[in-house]
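Engineer: For the protein sequence lines, the chains are E and C, in the order given. Each residue of the first sequence is one higher than the last, beginning at 126 in our numbering. Each residue of the second sequence is one higher than the last, beginning at 274 in our numbering.
These aren't lab readings, by the way, just hints derived from the structure by calculation. On a predicted model such as this, the values are computed, not experimentally measured, just so you know. There's no promise every hint is true.
[To be verified] Restricting the straight-line Cα-Cα distance to at most 30 Å, the calculated cross-link-like pairs of lysine-lysine (DSS-like) are: (1) Lys562/C with Lys370/C; (2) Lys504/C with Lys176/E; (3) Lys214/E with Lys176/E; (4) Lys337/C with Lys176/E.
[Stated by the list, open to error] Here chain E is said to cover these stretches of chain C; the calculated rule only asks that three of the stretch's residues, wherever they fall, bring their Cβ under 8 Å from a Cβ of chain E: (5) 521-533; (6) 579-591.
C-beta atoms are modelled at their ideal positions from N, C-alpha and C, and glycine is treated no differently.
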Amino acid sequence: MLLIPCPYCEEPRPEIEFRYGGEAHIARSADPTGLSDAALADYLYFRSNPKGWHYERWQHQSGCGRFFNAVRHTVTDRIIGTYKAGEPKPDLALYRVRAGS
Amino acid sequence: MRFSFGNLLRQARAGHTGWGPQWRDAEPKAAYDVVIIGAGGHGLATAYYLAAEHGICNIAVLEKSWLGGGNTGRNTTIIRSNYLCEESEALYEHAMKLWETLSDTLNYNVMYSPRGVLMLAHNEHDIRSLKRHIHANRLAGIDNEWLTAAQAQAFCPILNIDADLRYPVLGAALQHRGGVARHDAVAWGYARAASELGVDIIQNCEVTAIRRGTDGAVEAVETSRGRIAAKKIGVVAAGHTSVVMAMAGLRMPLESFPLQALVSEPVKPVMPCVVMSNAIHAYMSQSDKGELVIGAGTDAYVSYAQAGGLHIATHTLEAICELFPVTRRLKMLRNWGGIVDVTPDRSPIIGLTPVPGLFVNCGWGTGGFKATPGSGHVFAATLAHGVPHPIAAPFTLDRFRTGRLIDEAAAAAVSH
Numbered sequence: 126m127l128l129i130p131c132p133y134c135e136e137p138r139p140e141i142e143f144r145y146g147g148e149a150h151i152a153r154s155a156d157p158t159g160l161s162d163a164a165l166a167d168y169l170y171f172r173s174n175p176k177g178w179h180y181e182r183w184q185h186q187s188g189c190g191r192f193f194n195a196v197r198h199t200v201t202d203r204i205i206g207t208y209k210a211g212e213p214k215p216d217l218a219l220y221r222v223r224a225g226s
Numbered sequence: 274m275r276f277s278f279g280n281l282l283r284q285a286r287a288g289h290t291g292w293g294p295q296w297r298d299a300e301p302k303a304a305y306d307v308v309i310i311g312a313g314g315h316g317l318a319t320a321y322y323l324a325a326e327h328g329i330c331n332i333a334v335l336e337k338s339w340l341g342g343g344n345t346g347r348n349t350t351i352i353r354s355n356y357l358c359e360e361s362e363a364l365y366e367h368a369m370k371l372w373e374t375l376s377d378t379l380n381y382n383v384m385y386s387p388r389g390v391l392m393l394a395h396n397e398h399d400i401r402s403l404k405r406h407i408h409a410n411r412l413a414g415i416d417n418e419w420l421t422a423a424q425a426q427a428f429c430p431i432l433n434i435d436a437d438l439r440y441p442v443l444g445a446a447l448q449h450r451g452g453v454a455r456h457d458a459v460a461w462g463y464a465r466a467a468s469e470l471g472v473d474i475i476q477n478c479e480v481t482a483i484r485r486g487t488d489g490a491v492e493a494v495e496t497s498r499g500r501i502a503a504k505k506i507g508v509v510a511a512g513h514t515s516v517v518m519a520m521a522g523l524r525m526p527l528e529s530f531p532l533q534a535l536v537s538e539p540v541k542p543v544m545p546c547v548v549m550s551n552a553i554h555a556y557m558s559q560s561d562k563g564e565l566v567i568g569a570g571t572d573a574y575v576s577y578a579q580a581g582g583l584h585i586a587t588h589t590l591e592a593i594c595e596l597f598p599v600t601r602r603l604k605m606l607r608n609w610g611g612i613v614d615v616t617p618d619r620s621p622i623i624g625l626t627p628v629p630g631l632f633v634n635c636g637w638g639t640g641g642f643k644a645t646p647g648s649g650h651v652f653a654a655t656l657a658h659g660v661p662h663p664i665a666a667p668f669t670l671d672r673f674r675t676g677r678l679i680d681e682a683a684a685a686a687v688s689h
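Chain E extracted, bound-state conformation (with noise of 0.2 Å):
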């Protein structure tokens, strides 16, 4: 079980109180109905799916109730960092220096 920091609560809490919202920053378009059919069935069904590093979306459910993002390793399950929903997609590189890895 994954132990998850949560950027509101601050503090790391277990994972069944948190349910996982699929990979983060995958923005809607301003205007949808402008978009064609290759690039809505991207934004709908396509996704990076690495091996490695993943940017992703959780809500703390059975706490503070609120979405935050989170940079896990897909192979490790490590999590580098956590972040409050609609901040900037943090530059990896830097997250690694600080965790010295």
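Use these hints to put chain C onto chain E, whose structure you have.
Structural biologist: Positioned in the frame of chain E, the structure of chain C alone reads:
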């Protein structure tokens, strides 16, 4: 050497010293007509049918680790074809018909055992959903019948149908022709038969890049054992499909999750069939060794760790102990995870890609084993002719653009 009664007698007289290796552990050649990435059941079946039915024998099957060591060796070996949508019924029933004669076809005992698959209903919604499946299956000529709780218990005597269960058993759908097969034997049997037809099975050979020519078509793969030229490439990489397809510059509508399974210590035969429950999320059968084989769920998040969270397995074991009180004192011997690639509509993707010469067979999610022969058969035809086999035709990658999804979410055994 063929397996036959005569050869068995001859080998018995010679002290069983004459059995050779069952397939060649080949060295890579410089070029092949078709390169298949992934030597699991689906990839090996594809190679076998390409050689046996389409006369294309200059094939390499590349495997980054050992043959059948991915999801082929990690699943719970359940076979059934009681799907809801017509497209899926055709696909899985195609596989079912191949299962019925597979041991003869391959001259290899895959231990296909149609012992019946029982799917339990625990509430009014389950009853209606399962009955809908039964009617849909009947219309398609696929066997599936409704049992009352008492009839279900008569079919599987260790099933607990007490009315005071938290999730009581209210009835069940039974597919008699469903059952299990020996997963390793399926990989070995296809490998042996394909190897005899000249297919090179190359283990410990990880693909690191896909090279494309000036016209955009595939030319070669770079591997940990050197460059291998290929006229056509078939990607059958299950949970790692997104990673391999990214080498050709393609994004996929896939997410990879660890799906867990467990086996108990071996016991005498207690479980005559397969029992599945979608609602409380547990399924169980008994292997010929006597272990109870239990399927658990997937982790909620994308992961390539072949393990999975303990709370997922615990959740399933709680349900198993309730449904089968006889298991309560059993020890679990092993648990493990396999990385399953899940599509948004829970149906596979079989066919062409935007890259010329590159074909993909993926997205089988939590239920690919049962489809192994059918998947290989239709994918081989697709690869050989460059157009989708009629049964594979609805399962295109393009359906996510056109919107012609095949929504099997309700039919999947494992909740996603």
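Engineer: Hints first: check each against the structure and report whether it holds.
Structural biologist: Results of checking the hints against the structure:
Taken as a hint, the lysine 562/C and lysine 370/C pair is honoured in the structure, with Cα atoms around 26 Å apart against an allowance of 30 Å. Restraint check for lysine 504/C and lysine 176/E: satisfied, since their Cα atoms lie roughly 28 Å apart, inside the 30 Å limit. At most 30 Å may separate the alpha-carbon atoms for a hinted pair to count; lysine 214/E and lysine 176/E meet this at roughly 18 Å. Distance check on the hinted pair: lysine 337/C and lysine 176/E sit about 15 Å apart at the alpha-carbon level, within 30 Å; holds.
With 6 residues bearing a CB less than 8 Å from a CB of chain E, the stretch 521-533 of chain C meets the requirement of three and the coverage assertion stands. With 3 residues carrying a beta carbon less than 8 Å from a beta carbon of chain E, the stretch 579-591 of chain C meets the three-residue requirement, and the given coverage holds.
Every hint from the earlier list agrees with this structure, and none is contradicted.
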